[in-house]
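As a plain string of letters, each chain reads:
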Amino acid sequence: MDNPLKVKIDSTADLLLLRPLDLFVRQLVQQLPAFANHPSDVDGIELAFNEAYTNVSRHAYKGSNNKGPISIQIVVHSDRIEIYLEDRGVRFDPANVKTPNLDVPGEGGLGVWFIRKFMDHAVYSSCEGKNVLLMTKKFPDA
Amino acid sequence: MEIEKKDGITIISTDERLDAVVAPKLKDTVKKIAEETSTKLIIDLEKTKFIDSSGCGALVASLRTLIKNQGDMKIARPSPQAQTLFQLTRLHRVFEIYEDMDQAIKSFS
Chain E
1248 MDNPLKVKID STADLLLLRP LDLFVRQLVQ QLPAFANHPS DVDGIELAFN EAYTNVSRHA
1308 YKGSNNKGPI SIQIVVHSDR IEIYLEDRGV RFDPANVKTP NLDVPGEGGL GVWFIRKFMD
1368 HAVYSSCEGK NVLLMTKKFP DA
Chain P
2 MEIEKKDGIT IISTDERLDA VVAPKLKDTV KKIAEETSTK LIIDLEKTKF IDSSGCGALV
62 ASLRTLIKNQ GDMKIARPSP QAQTLFQLTR LHRVFEIYED MDQAIKSFS
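Top line first, the protein sequences correspond to chains E and P. Adding 1247 to a residue's 1-based position in the first sequence gives its number in my numbering. Adding 1 to a residue's 1-based position in the second sequence gives its number in my numbering.
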């Protein structure tokens, strides 16, 4: 029976916290036996979290001192890891972000694409002022 | 971030992470360096273990700034993580990338 490991961090969306939170996510994933021989998956999960957190920090709370609450929850199941990012800022649905034209290198627009590329699922929902991005990565050998 | 000049070539050595925190600083630094025409610049990624979309964007912006001012930019010693992102985004076709610093320097001669 699935008895998930859970950790939740209530924080402020601020780029000042990007690196410590990134490293927390990285170290947690690195310690999971399922990812022991899959360093590129560890890199990918860290990158996906980094991009999602950066998006909230940069865009969610514009016009209100650019800072606001963010809640990060990581749930480790027997076959996958789920990362939830919840904010109460401006709705930003990654599904509306166009796939970048890689033949014309741009200076932005790759973040959401990286999330899609490195995670198995990324689902965004918005309800009663609460925005939630759920990113899921299956264990490599599951 | 460290900056040095060697044989007329400016070398910027980026820190352990090239992310949204430092990307604006890299762009500003390159903008200042590029004020001098025909600047030869190497971005040395040897210490950089992690790069994100903001870091990739800053490198693209830096190259554009330099080309606009008749300069040129090469990238040296990217980590496996950076190489993966350059391949995925096809930036390996945009940047001149060298695994060895001497090769990067010689490429300007």
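In short, the hints are calculated from the structure, not lab data. Glycine included, every Cβ here is placed at the ideal spot set by N, Cα and C. Among the hints, a few may not be true.
[Unchecked claim] Computed cross-link-like contacts, EDC-like style, restricted to lysine to aspartate or glutamate with a CA-CA straight-line distance of at most 20 Å:
#1 P/K28 - E/D1326
#2 P/K32 - E/E1329
#3 P/K50 - E/D1288
#4 E/K1364 - E/E1329
[Unchecked claim] Calculated from the model, a selection of chain P residues having no Cβ within reach of chain E, i.e. all distances over 10 Å:
#5 K6
#6 R18
#7 D20
#8 V22
#9 D53
#10 Q82
#11 R91
When the hints from earlier in the document are held up against this structure, which numbers fail?
1, 2, 6, 7, 8, 9, 10, 11
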